[in-house]
Amino acid sequence: MIQLSGWKRWLLAIVVLHGIVACAGFFAPYDPTEQDREHPYLPPMRIHLVDTQGHFHFRPFFYAEQLRVGSFDQFEEHSQQAIPLRFFVTGARYDLLGLLPFRTHLFGAEASRVYLLGSDAYGRDQLSRILYGGQISLLAGMLGAGLTLLIGVLIGATAGYLGGWRDGLLMRVAELFMALPWLYLLFALRAFLPLSVSPVQAFFLIILVIGAVGWARPARLVRGVVLSARERDFVRAARGFGATDSYLLRRHILPETSSVILTQAAILVPQFVLAEMTLSFLGLGVPEPVPSWGSLLASLQQYSVLVSYWWMYLPALAIVPFFLGYLGLASALQQDAGTEKIVRTAGGSRW
Amino acid sequence: MISLLQVQDLHVAYISGAGKVSPALEGVSFDVLPGETLGVLGESGSGKSTLALALVRLLPGNAEIQKGAIQFEGQDLLRARPRALERVRGARIGLVFQEPSLALHPTIRIGKQVSDVLAAHEAASRAARHQKTLQLLREVFPADASRIADSYPHQLSGGQQQRVLIAQAIACGPSLIIADEPTASLDPTTQQEILELFRMLREKFNLSLILITHNPPLLAGLADRVLVLYAGKVVEIGPTEQVLGSPQHPYTHALMQSVPPGLDEPAKDRKSRLRVIPGEAPNLAVLMNGCRFESRCTDRMEQCAEREPPAVAMSEVHAVSCFKYGE
Numbered sequence: 001m002i003q004l005s006g007w008k009r010w011l012l013a014i015v016v017l018h019g020i021v022a023c024a025g026f027f028a029p030y031d032p033t034e035q036d037r038e039h040p041y042l043p044p045m046r047i048h049l050v051d052t053q054g055h056f057h058f059r060p061f062f063y064a065e066q067l068r069v070g071s072f073d074q075f076e077e078h079s080q081q082a083i084p085l086r087f088f089v090t091g092a093r094y095d096l097l098g099l100l101p102f103r104t105h106l107f108g109a110e111a112s113r114v115y116l117l118g119s120d121a122y123g124r125d126q127l128s129r130i131l132y133g134g135q136i137s138l139l140a141g142m143l144g145a146g147l148t149l150l151i152g153v154l155i156g157a158t159a160g161y162l163g164g165w166r167d168g169l170l171m172r173v174a175e176l177f178m179a180l181p182w183l184y185l186l187f188a189l190r191a192f193l194p195l196s197v198s199p200v201q202a203f204f205l206i207i208l209v210i211g212a213v214g215w216a217r218p219a220r221l222v223r224g225v226v227l228s229a230r231e232r233d234f235v236r237a238a239r240g241f242g243a244t245d246s247y248l249l250r251r252h253i254l255p256e257t258s259s260v261i262l263t264q265a266a267i268l269v270p271q272f273v274l275a276e277m278t279l280s281f282l283g284l285g286v287p288e289p290v291p292s293w294g295s296l297l298a299s300l301q302q303y304s305v306l307v308s309y310w311w312m313y314l315p316a317l318a319i320v321p322f323f324l325g326y327l328g329l330a331s332a333l334q335q336d337a338g339t340e341k342i343v344r345t346a347g348g349s350r351w
Numbered sequence: 001m002i003s004l005l006q007v008q009d010l011h012v013a014y015i016s017g018a019g020k021v022s023p024a025l026e027g028v029s030f031d032v033l034p035g036e037t038l039g040v041l042g043e044s045g046s047g048k049s050t051l052a053l054a055l056v057r058l059l060p061g062n063a064e065i066q067k068g069a070i071q072f073e074g075q076d077l078l079r080a081r082p083r084a085l086e087r088v089r090g091a092r093i094g095l096v097f098q099e100p101s102l103a104l105h106p107t108i109r110i111g112k113q114v115s116d117v118l119a120a121h122e123a124a125s126r127a128a129r130h131q132k133t134l135q136l137l138r139e140v141f142p143a144d145a146s147r148i149a150d151s152y153p154h155q156l157s158g159g160q161q162q163r164v165l166i167a168q169a170i171a172c173g174p175s176l177i178i179a180d181e182p183t184a185s186l187d188p189t190t191q192q193e194i195l196e197l198f199r200m201l202r203e204k205f206n207l208s209l210i211l212i213t214h215n216p217p218l219l220a221g222l223a224d225r226v227l228v229l230y231a232g233k234v235v236e237i238g239p240t241e242q243v244l245g246s247p248q249h250p251y252t253h254a255l256m257q258s259v260p261p262g263l264d265e266p267a268k269d270r271k272s273r274l275r276v277i278p279g280e281a282p283n284l285a286v287l288m289n290g291c292r293f294e295s296r297c298t299d300r301m302e303q304c305a306e307r308e309p310p311a312v313a314m315s316e317v318h319a320v321s322c323f324k325y326g327e
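Those protein sequences? They're chains A and B, same order as listed. Residue numbers for the first sequence follow the working numbering, beginning at 1 and rising by one. Residue numbers for the second sequence follow the working numbering, beginning at 1 and rising by one.
With the rest of the complex left out, here is chain A (with noise of 0.2 Å):
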């Protein structure tokens, strides 16, 4: 067993859980956008083992679900019609990572739809839905955290070296920034685009939305580590035997924030990702049929469905996992931040 220890077991847990999303197409059963009208609503199926006359299957079973009598939106289970889940089961087209053209699923039915988180209006099946809404959703906080923390990165050095008057006019903008009630500063930036976009289009719209307005905290953060290391006596030594802005940047300063920016990632991508539920969940993010965890949510302003169906609430739970794993990284990376590590490089002299 290989010991893990501190922020390492909780990158680990992070990466397992973004390796499920991006890898949606193979534990998705079906395609996101894939219909089934007479099951709207569906809550989610039962797997059995145990037959109704008490024998004991080793594959895993569920019944077919149908319409109760006299019912347009109650289903009751078919005890006649028992359908085995099939594991590593070929069926839609998947770009495996975008990449690599796939059939094969991990698991599904042959004889009909399996609903294991239940289907939404249009008999689409919930699972198949959080799982690729997931992929746009955290693509969206990582892609905006970079973008936000590249902006702060660039704006913090800049103004914790160079010092001066360009120091205090960056850092009142980012006082500015951080005063700004920053979910109608998205609404206002947001209603400045167009409106009726490609999904692409909007994705990258939302990304550099939320990518533009969060700079302001990692740049104050940076500039703090930056202005001290600045003075240290060994970069003044270091200028002494004539070393450039750009080395001294590049192998005394900028390593020093290391650590600070790590941990504002940490922080930066789930609140990114919940930024970009929130523009979904108000219409402005992803337009359908792409699903993403805020339009899933969205649907839940009907009240209709906010009463009856408390699987379409699962999409909020999906973040959960997530947002632990990134705040669990977050602290696990700051208490490790004071202890520098030494790392040793295989063979020939080690510098």
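In short, the hints are calculated from the structure, not lab data. Cβ coordinates follow ideal geometry from the N, Cα and C atoms, glycine included. Please note that a few of the clues may not be correct.
Stated by the list, open to error - Pair ranges (Cβ atoms, derived): (1) Leu180/A / Gln135/B: 57 to 67 Å; (2) Leu169/A / Ala18/B: 20 to 30 Å; (3) Leu169/A / Met288/B: 37 to 47 Å; (4) Tyr184/A / Asp76/B: 56 to 66 Å; (5) Gln135/B / Leu169/A: 45 to 55 Å.
Got chain A sorted already, so can you dock chain B onto it with the hints?
For chain B alone, kept in the frame of chain A given last:
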């Protein structure tokens, strides 16, 4: 002989956030000949570290060089562009700082830190730099250069760290080394070793050396000439034996009186109380007309408080700024 470094009428002041000006160096002039060692002697606050940093234009942001000229190898460093200064620092002028443990990056191996100096100035291949680094480290660590190269700064003693700084300073074959209190944080035995190393390297590479210290005995036997700095002014400059042996300026005289007697002197002399200079160094932010040392001087005269004493040549090589002489 043409001097290597010529400093003329250098004025440096620190400016506080409120715009208050505190002069740190006023009208400092001296020169350094090729191969010569100049000792700069002064107490804390006399401006000796400011002088070291001003010579290579590394003063902190709140310091301002008000006027003067620093001629080094044919260029005026005060009028040089930042790029040109980067080519002088490290390559032509090597610096050795007083706190070696702080002057080395804590997480980069020694070898890398020395070869980075070479990389800053020479377009040599990695392998060539590697070779040259080991060669440099052998100059300062004859026995175990390659082990030191693989170490991190925290694995070395203070004296070893200072040797690494010296290796960095001589890396690119400079003509001048400025050492600001290079032995201040070291114990007496190590101090002697480091001074011995300076003496050896000076001969071997024909270096000029500016050795800044507050401790007169360190300069004896190492410095060719001594410059005594008091409150930002040069009070006396001349050959080491003359300045330390028969000091002419009342401040230098008082300073030499306050040096503790060596262990080789009779025990009864050591029992007596150490002499100190009464009073304290003046606050330079307050404007003064007369001699800076006037308030503490035992030989003060009427005119001392009224105007500044000019530098008086005692001989061709020895000058003193005091009204006791001249006229």
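Here's how the hints hold up against the structure:
1. Leu180/A / Gln135/B: 57 to 67 Å: 59 Å, holds
2. Leu169/A / Ala18/B: 20 to 30 Å: Once the Cβ atoms are compared, 22 Å apart, the range 20 to 30 Å for Ala18/B and Leu169/A holds.
3. Leu169/A / Met288/B: 37 to 47 Å: 40 Å, holds
4. Tyr184/A / Asp76/B: 56 to 66 Å: 58 Å, holds
5. Gln135/B / Leu169/A: 45 to 55 Å: 48 Å, holds
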